[in-house]
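Just so you know, the sequences run in chain order A and F.
Residues 115 to 273 (this note's numbering) are what the first sequence spells out, left to right.
Residues 5 to 99 (this note's numbering) are what the second sequence spells out, left to right.
Treat the hints with care, since some could be wrong.
Unchecked claim - Calculated lysine to any residue pairs in the SDA-like style (CA-CA distance at most 25 angstroms, straight line):
no., chain 1, residue 1, chain 2, residue 2
1, F, 56, A, 160
2, F, 56, A, 225
3, F, 56, F, 42
4, F, 67, F, 98
No lab work stands behind these hints: they were computed from the structure.
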Amino acid sequence: MGASGGVGGVGSAGGGMEMVVNYDSGQVSGFYFGGLQLGWNGGAPGSVYSGYAYGLNGSNSNYGGGFTGFNGGLGPGVFGASTSGGLTGGVSGLAVRPSAPGAVNVGGLSFGGGLLGGFSGGLTATNYTSPIQMGKFWAFDVGDWAMYAAKQVCKAAGF
Amino acid sequence: MSTRVIVGIACLSAATTGLIVANMFLYMMIGEINRKRAEGNLVSYFGFAFPKMQRIFSEYRVKYPNGRLHIYALVAFAAAMVGLLGVARALGFFG
């Protein structure tokens, strides 16, 4: 889950923070990120969002680095992103390989608004900091515990 | 420049255009609503969140039962989302 904000219309510079809870190891990590969005961003957009990430390692360290993604909405919205070269990899660095070993794929729902227009969306290129490790399990709610338990059952069953 | 990059740029341009057009229809709806509102009780052209969007759409439909701006806005938004899916595809999402 996270929150983000930015400034801009067709091109927007933005940033935010996220908290990641790992259903494999229980690790809770915080991240800051910054980046660009191309599309229509509503002048001064802001949003909160929640989603699922696939492909995390036990320490969430592979969540740091570059991501390329897309989002769209009219208040409520959807987003998706995957590991990439991020902002520092040039145009070719924006390409993603969601099925590559070590790739992290993210998808979820957002809720936000903007200053100029309610319809927004576009392409995002962001870079995340290294994880700020915040301990284990403390941020879990009931749903997280259920997902964690399901993951442990799947691991024990060999899936 | 590869075909994939060109297709991605074209889809992003189409998506951006669709979103801007959708917001233009939204502003036109606000203008139409404000024509039938009293001075001092007008809908602002700045600041949008989902509850305000809902109010604009529902009030426009009530005040202009034969109006089509809300349909045009949603069609433009849908076209923009198709364009964004094209961008995602060109970037390597969905295989």
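Cross-check of the supplied hints:
no., hint, result
1, 56(F) <-> 160(A), "15 angstroms, holds"
2, 56(F) <-> 225(A), "13 angstroms, holds"
3, 56(F) <-> 42(F), "18 angstroms, holds"
4, 67(F) <-> 98(F), "43 angstroms, violated"
Consistency note: the structure conflicts with earlier hint 4 alone.
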